[in-house]
Amino acid sequence: MSKYVPDISSRRWALIASDRLHRPSESDDSKLNCPFCPGNEKVTGPEVFRMGEGEKDKPGWKVRVIPNKFPITDFHEVIIHSPDHEKDIDSFSLSEITLIFQTYKARFNFYKEKGEVMIFCNHGEHAGASVKHSHSQLVVIPFQINLDLVSSEPLHNVINENKYFHVYCPEFSQWPYEVWLAPKKKEGVFGDIDDKEIEDIAELLKKIIKRLKKIHKEDSKWNIIPFGYNFYIYPKENWYLRVIPRFIHRAGFELGTGLSVNVIDPIDAASALRGEDERVADVMKKLKRY
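Using our numbering, the first residue of the sequence shown is number 91, and each one after it goes up by one.
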């Protein structure tokens with residue numbers, strides 16, 4: 091059972107969850123014994139939600155939601171992105187990513203009256219993943235807990251946009267190549283998202299993760315650490331999706347002071363992430379002059 095421990099002076103909380111110690115290691119994971127692969131449905135806890143076909147706890151699903159066997163909070167779920175053991179978001183089709191976001195919305199709205207609903211994804215062992223098979227998680231945190239979260243940041247260093255979303259690197263970026271996806275429509279919570287907005291954010295997230303993976307692969311400064319990333323959806327009003335590439339480790343200065351050292355200027359990060367789109371836009375601007 092998890093417990094919340096407050097620090098009276100700072101109003102911050104620590105969450106003690108000793109059951110997490112028994113999680114499997116990603117290095118031990120394989121397609122043959124992966125609990126998230128089709129055919130192994132009985133190995134997990136009882137299914138609570140699915141996208142796709144078939145009976146509960148049997149194959150046929152496209153996205154599957156189960157209780158986390160090693161919970162952080164009283165309500166803690168695992169959202170299995172796909173039956174495919176090898177693929178991740180950057181190689182999913184847009185329809186597959188759309189199903190993931192539709193699942194996020196359904197589970198967010200299911201729990202929103204019980205507490206703050208935090209949806210997050212850890213990709214790579216050093217980013218916190220304990221199972222290789224692509225998945226994300228949902229936890230519900232009591233309303234009375236003071237969450238130490240970054241509120242919506244001003245729009246700077248825009249990488250991309252479409253009808254419903256901006257993609258940008260905030261001036262406040264704490265990690266190299268940190269990226270935010272923020273809706274143009276303000277004030278709502280994530281659970282208010284509609285189907286057209288889901289399609290838009292699915293397309294943008296796929297593009298961003300592919301570009302981050304390319305930067306990681308091609309730059310020797312970063313690829314000494316396996317590619318990994320985290321993203322989470324802000325649980326309150328004025329929501330956003332924050333992508334944090336794990337190109338570096340945090341060290342003593344950051345841990346001791348609470349200050350983040352970002353070795354990449356967000357202006358340069360946005361320029362690198364715009365990539366080919368930026369060069370094409372420059373060419374189009376020149377053509378319009380003639």
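In short, the hints are calculated from the structure, not lab data.
It is possible that part of the hints are untrue.
[What the hints assert, rightly or not] Heads up, simulated DSSO-like pairs for lysine-lysine below, C-alpha to C-alpha not over 27 Å straight-line:
1) Lys148 <-> Lys222
2) Lys222 <-> Lys159
3) Lys296 <-> Lys286
4) Lys307 <-> Lys195
5) Lys307 <-> Lys275
6) Lys274 <-> Lys286
7) Lys297 <-> Lys274
8) Lys93 <-> Lys146
9) Lys222 <-> Lys275
10) Lys222 <-> Lys253
11) Lys297 <-> Lys195
12) Lys275 <-> Lys297
13) Lys286 <-> Lys297
14) Lys276 <-> Lys304
15) Lys222 <-> Lys286
16) Lys276 <-> Lys286
17) Lys253 <-> Lys204
18) Lys159 <-> Lys177
19) Lys132 <-> Lys152
20) Lys286 <-> Lys275
21) Lys311 <-> Lys195
22) Lys253 <-> Lys195
23) Lys177 <-> Lys286
24) Lys304 <-> Lys222
25) Lys152 <-> Lys93
26) Lys132 <-> Lys146
27) Lys300 <-> Lys202
[As the list claims (entries may be wrong)] Derived CB-CB ranges, DEER-like:
28) Glu145 <-> Gly342: 50 to 58 Å
29) Ser310 <-> Arg340: 18 to 26 Å
30) Asp358 <-> Glu145: 20 to 28 Å
31) Arg102 <-> Glu251: 34 to 42 Å
32) Lys177 <-> Pro244: 34 to 42 Å
33) Trp103 <-> Pro136: 27 to 35 Å
34) Val353 <-> Lys307: 14 to 22 Å
35) Ala341 <-> Asp285: 39 to 47 Å
36) Phe210 <-> Phe343: 23 to 31 Å
37) Phe210 <-> Thr347: 41 to 49 Å
38) Gly342 <-> Lys146: 18 to 26 Å
39) Ser310 <-> Arg102: 31 to 39 Å
40) Lys300 <-> Trp103: 15 to 23 Å
All figures in this text were calculated on a predicted structure; none of them were measured in a lab.
Ideal placement from N, C-alpha and C gives every residue a C-beta, glycine not left out.
Item to complete: Could you tell me which of the numbered hints above are not met by this structure, giving the numbers in increasing order?
Response: Hints 4, 5, 8, 9, 10, 14, 15, 17, 21, 25, 27, 30, 37, 38, 40 not satisfied by this model.
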